[in-house]
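Protein chains in written order, with the numbering used here: chain Z, 1 to 270; chain L, 1 to 274.
Because the hints were derived from the structure by calculation, they are not lab data. Errors might be hidden in some of the hints.
Computed cross-link-like contacts, DSSO-like style, restricted to lysine-lysine with a CA-CA straight-line distance of at most 30 Å [unchecked claim]:
| # | chain 1 | residue 1 | chain 2 | residue 2 |
| --- | --- | --- | --- | --- |
| 1 | L | Lys-55 | L | Lys-41 |
| 2 | Z | Lys-137 | L | Lys-139 |
| 3 | Z | Lys-188 | L | Lys-20 |
| 4 | L | Lys-139 | L | Lys-129 |
| 5 | L | Lys-140 | Z | Lys-168 |
| 6 | L | Lys-16 | L | Lys-186 |
| 7 | L | Lys-16 | Z | Lys-188 |
| 8 | Z | Lys-185 | L | Lys-16 |
| 9 | Z | Lys-148 | L | Lys-159 |
| 10 | Z | Lys-15 | L | Lys-186 |
| 11 | Z | Lys-15 | L | Lys-159 |
| 12 | L | Lys-20 | Z | Lys-168 |
| 13 | Z | Lys-120 | L | Lys-186 |
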Amino acid sequence: MAIITLSRGSYSKGKEIAEKVAACMNYDCLSREVILEASDRFNIPEIKLEKAIHDAPSILERFTHGKSDYITYYQSALTRRVRKDNVVYHGLAGHIFLGGISHLLKVRIISDLSMRVRNKMETENISEQDARAIILKDDHERRNWTQKLYGVDPWDSSLYDLVIFIDKITVEDAVNIICRVAGFKQFKATRESQQKMDDLALACEIKALLLNEHFDVSVTSDYGNVVISAKATGRQLQKLNERATQLISEVSGINNLEVHSEATQRQTVI
Amino acid sequence: MSIINISSDVYEEGRKIAQKTAEAMGYAYVGREILRGVAEKYHLSETKLVDAIDKAAPTLRMSLKLRKQLMAYIQEAVLGEMLKDNIVCQGLAAHLYVLGVSHVLKVRILIDPEERARNYAQTHNMSVKKAEKLLAREKKLRQQWSFSEFRFDETDPSKYDLMVSLSQIDPDEAVRIITETVCSRKFQPMNYSEKCLKDLELAARVRVLLMDKYPSSRVQANGGNLIIETLGLTREKRKREAAIKELAENIPGVNYVEVHFIHDFFRQAAESFR
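Same shape as in the complex, but just chain L (with noise of 0.2 Å):
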């Protein structure tokens, strides 16, 4: 009765060792699947939503502004499924967002890196030199993006139960690991545990809401009252506080909002200069 959160550096091997715990476990297997679904209850295109959890770096395709929009999106669909309990989720990010739940396994695989790069070179047909200084520049890309979106660096340990390095451990061998550790008393649901899970879903899907007009907006929930922070200029105070309250009141599980507002000096000093 517990969930298992496995994260990797290589999507396909974090895949393979998901699907084989899931299995060992009768636990249903949440993957990049249920994309589909997201993409079309927003009419997104699927690709597009990989994407926004894969690539470090922002494009032209893809504004960090349009990520964090997909990111919330994502998480609203995952916190959802991890509802149901008993799952074993991989490839969503949800090692950035799903904090502070004590029945959440939390497991990163790691790649050894000259293998990674060697993988890497051969299927770009490039230098294996080349290779390493690009998954280095995208690693740190990603420390970046992690750090500025979720406020942590995600190959920070202290995130994560266990780390697992494949350059020594199969994957089967890492299967079973994972599977005696989540066995563990500690990864029992409790009340409050499943509580904090509940919380997190219902401040996911509010924030997709408020995500079109009030993309600054965050969001907290504390069982069914929400503390909404937003920024903006002190003349709008009034009016957008009453939106939001509107919007997010109608929202199921929602019992009481509080509006934030925090001042927008850098719109404010923008808007004086006109």
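Chain Z on its own, in the form it takes in the complex (with noise of 0.2 Å):
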């Protein structure tokens, strides 16, 4: 079947709309469960991380990776979630961390500015001048978290398959076509594509093991042969090519791991 990632503005009720496309599809709904399992799971405050993928980088943190880390442990906890696939995705960027995979549904919930100030009022019981603030400053953090951190504009449409503008088109009719488009047969896992998904949750998965032991490397995988890419030199390379002879038996689906170090184009194979 598929995975759905929305896209979507805060109380622009898109999280409404996930979550009964999940109930209409029978999948799962997932967003803040993300965070919760990267925090658990690479024992990361989750204020810490949570503010890492809400905030875009400051100057000095574009310098220092200090986010993108984070972001790696995320990226791992998700692709580790939707691997297997029925999945309704509203959290982050989820277009950008799933893209590739060729049965992702991506779709942008937007709805009038208004609409979204007066859904914040009433939830949150506060005026609507504040209510307005809030939700600009969250749309100019987002935008400004994907511009600085992947290049690329959140509310450039070209990066959906669907752009759903939610007034006169009602939840209820979002949700049916949701549900419509992810039962064409694009949109239905193939052995390939299912492939390439769990390729990209290895190579997560492994680049957030090494990250978490401090080294900076680049993971690819393809069909389980994973190539590991690193600045190290020295004893640094002979540590981490110790810590992936250890990974082939930690972290199953791997066939075959290679080191590369990038600094002295030699190869390495494990």
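Join the two chains into one complex using the hints; note that each chain is given alone, in its own frame.
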């Protein structure tokens, strides 16, 4: 079946739509659960992780990669959860984290600012001015976050398969449209697309595990053949090789694992 | 009993989907064929009208002023067709000027940018990279034009009810999504939405009439009552008001005309130096 990602602004009824789609299709509905899982799995304070994936990186953080580390943990937790398919994810940047997977249906839900402000006022019992300011700040942060980390604008419609404006199209209509589209054959997992998903999850998991031990690496996987590229040399590279060898028995799904040193271009086959 | 307005980054793709939608719904298809009638009525070339819709950058052949005039003629014709109801309109830039009418379903068909660049490169015999650059420039120019002329960015997703990307979804499936969506109760015409459309059509007709003499005029209609805003010098005020009223009051459907005069500071300043 399919993986559905719903990109949405706060208070734009995206959450309600995601839950209804999940109920209608009998799928799991994910959002905050991913933060909890990442926090639990990689032993990071939940609040730090939440802040890292919500706020755009500062100038200093763009040099120190402080935020990108947390994002790696988050992406690993997300890919682990969605690899089994039949999932509706309405959290942050699903269409980017899971990019390249053909059975991924990318939906963006937008709604009128005045309606979002009204929803926020009703839910949190605050003034119109405060509600508007919070929503606009939130939108700005999210836009900045994606632009600074991935160089794309989340408001660019070409990133999605469907963009639905909730106004004349009601929540129920949107749910019907999404359920219908998710049933199309191209959004059903094939052996190739499932393999791609498994490879992505595997690469993310290995990267997160190595990052947890302060190795700055990039990881790719193709049919379980994993390539770890690192800038390490000498003793550090040796340590990385040793750790990588252990990973073969720790992480399931690895057929072959290679460590490439980008600094020396030397290749070590494990 | 609705109107479906389809726009697309690529005219041909939008046309295919619009024609199939019209066929599936039993609606009339209103496309660029109506431009022939406009060209005959105003003694223009049909190609120029197509260029006014498609070409983003001003050229020697097509100044901004001429484009504005041609768009006014197209608007008049399209809104006239829309009054007939049960139509699928495509390729006439109606998404830019048919706003605030609740029984119009506004759909944008998105084409995968990479695929579009590849096709463009193949057709125009150039590298994909160059095609990407050209298309990005064209997109930017169109955004600027729609913003200056219609006061919004045509790529803004909040200006559409639904956007469907053809990168994963087949055209036939897109047609099914559109036909199912338009059946929603919210896209059925109401007295108010029909009135809004009639007002837009009346305003477009008046604007065409004023276009030659007063090209900077803006027209708003409300049930036969018109508010016309025009730029000019204070000394011309009374004469111009009278002339505009005389022109507008002769149009069928107009009950009352109010002319709002906007002082033209730039012309005033330019004339004071003479």
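Hints, one by one, checked against the model:
1. L/Lys-55 x L/Lys-41: Cα-Cα ~22 Å, so holds.
2. Z/Lys-137 x L/Lys-139: 28 Å, holds
3. Z/Lys-188 x L/Lys-20: Distance ~25 Å between Z/Lys-188 and L/Lys-20 Cα, so the pair holds.
4. L/Lys-139 x L/Lys-129: Judged against 30 Å, a Cα distance of about 15 Å means the pair holds.
5. L/Lys-140 x Z/Lys-168: 29 Å, holds
6. L/Lys-16 x L/Lys-186: 25 Å, holds
7. L/Lys-16 x Z/Lys-188: 26 Å, holds
8. Z/Lys-185 x L/Lys-16: 22 Å, holds
9. Z/Lys-148 x L/Lys-159: Holds, at roughly 26 Å.
10. Z/Lys-15 x L/Lys-186: 22 Å, holds
11. Z/Lys-15 x L/Lys-159: This hinted pair holds, its Cα atoms lying about 22 Å apart.
12. L/Lys-20 x Z/Lys-168: 23 Å, holds
13. Z/Lys-120 x L/Lys-186: 25 Å, holds
Hint compliance for this structure: no hint is broken.
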